[in-house]
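Chemist: Letter by letter, the chains look like this.
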Amino acid sequence: GESVGLHLPTLSVQEGDNSIINCAYSNSASDYFIWYKQESGKGPQFIIDIRSNMDKRQGQRVTVLLNKTVKHLSLQIAATQPGDSAVYFCAETDSTLTFGKGTMLLVSP
Amino acid sequence: GAVVSQHPSRVICKSGTSVKIECRSLDFQATTMFWYRQFPKQSLMLMATSNEGSKATYEQGVEKDKFLINHASLTLSTLTVTSAHPEDSSFYICSASVGQGGEKLFFGSGTQLSVL
Numbered sequence: 001g002e003s004v005g006l007h008l009p010t011l012s013v014q015e016g017d018n019s020i021i022n023c024a025y026s027n028s029a030s031d032y033f034i035w036y037k038q039e040s041g042k043g044p045q046f047i048i049d050i051r052s053n054m055d056k057r058q059g060q061r062v063t064v065l066l067n068k069t070v071k072h073l074s075l076q077i078a079a080t081q082p083g084d085s086a087v088y089f090c091a092e093t094d095s096t097l098t099f100g101k102g103t104m105l106l107v108s109p
Numbered sequence: 001g002a003v004v005s006q007h008p009s010r011v012i013c014k015s016g017t018s019v020k021i022e023c024r025s026l027d028f029q030a031t032t033m034f035w036y037r038q039f040p041k042q043s044l045m046l047m048a049t050s051n052e053g054s055k056a057t058y059e060q061g062v063e064k065d066k067f068l069i070n071h072a073s074l075t076l077s078t079l080t081v082t083s084a085h086p087e088d089s090s091f092y093i094c095s096a097s098v099g100q101g102g103e104k105l106f107f108g109s110g111t112q113l114s115v116l
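Chains X and H, in that order, give the protein sequences. Quick note on numbering: this note's numbering labels position 61 of the first sequence as 61, and the sequence is numbered without any gaps. Quick note on numbering: this note's numbering labels position 74 of the second sequence as 74, and the sequence is numbered without any gaps.
Hints in this document: simulated from the structure, not taken from any laboratory. Be aware that one or more of the hints could be misleading.
Here are the simulated BS3-like pairs of lysine-lysine, each with C-alpha atoms no more than 25 Å apart in a straight line [to be verified]:
no.: 1; chain 1: X; residue 1: Lys56; chain 2: X; residue 2: Lys42
no.: 2; chain 1: X; residue 1: Lys56; chain 2: H; residue 2: Lys20
no.: 3; chain 1: H; residue 1: Lys20; chain 2: X; residue 2: Lys68
Output of the computed footprint for chain H on chain X, the stretches with three or more beta carbons under 8 Å from beta carbons of chain H [what the hints assert, rightly or not]:
no.: 4; stretch: 38-48
no.: 5; stretch: 87-98
Values in this document were obtained by computation on a predicted structure and should not be read as measured data. Every residue gets a Cβ at the ideal spot worked out from N, C-alpha and C, and that includes glycine.
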């Protein structure tokens, strides 16, 4: 999940399943992390964020986990719905926001 | 949440023409705006950071004479792609921030530029 690369990883799940999207970040100085959802032809939409002094944060149907030791971030979506189908980007920042390469989530009915 | 309006959503132009994209913060004042470029199936790449009333800061490899950025007010930033060529075809996205850092960013809906 670095910020380079031409191929978009894809995660295919069935409706109702839980989804886990992973992201590896590179900057050990990053202190704020965000997950965005981007639907085709639209701008990114904020989902959930977490600061580096936390390792877990929960929202509505979503949970973000942060492991600073291995510089890993994950987004868990509970009871995935077809409307969750989109590309998901993690982003990190210490002063400037840097996006990861994204994961396409495909949810089948 | 705050709303960022980006216009136009789609533009098709002939090679050699210039295209202006507008980014407006509708219900807040944006001290900092960011412009991104996104190719199909790729991530957002930061092109430049603009602060109201000062010159934009361009990322390495982005031609400042090619991509003119103006941030004349706290609610409006514009990106002008000058003498556009087919390789400039891309999805351009702006975002606005209340603070100076990368937090609390609100994104526009993007502009799909196609240069023939």
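Chemist: Of the numbered hints stated earlier in the document, which are not met by this structure?
Modeler: Violated hints: 1, 2, 3; rest satisfied.
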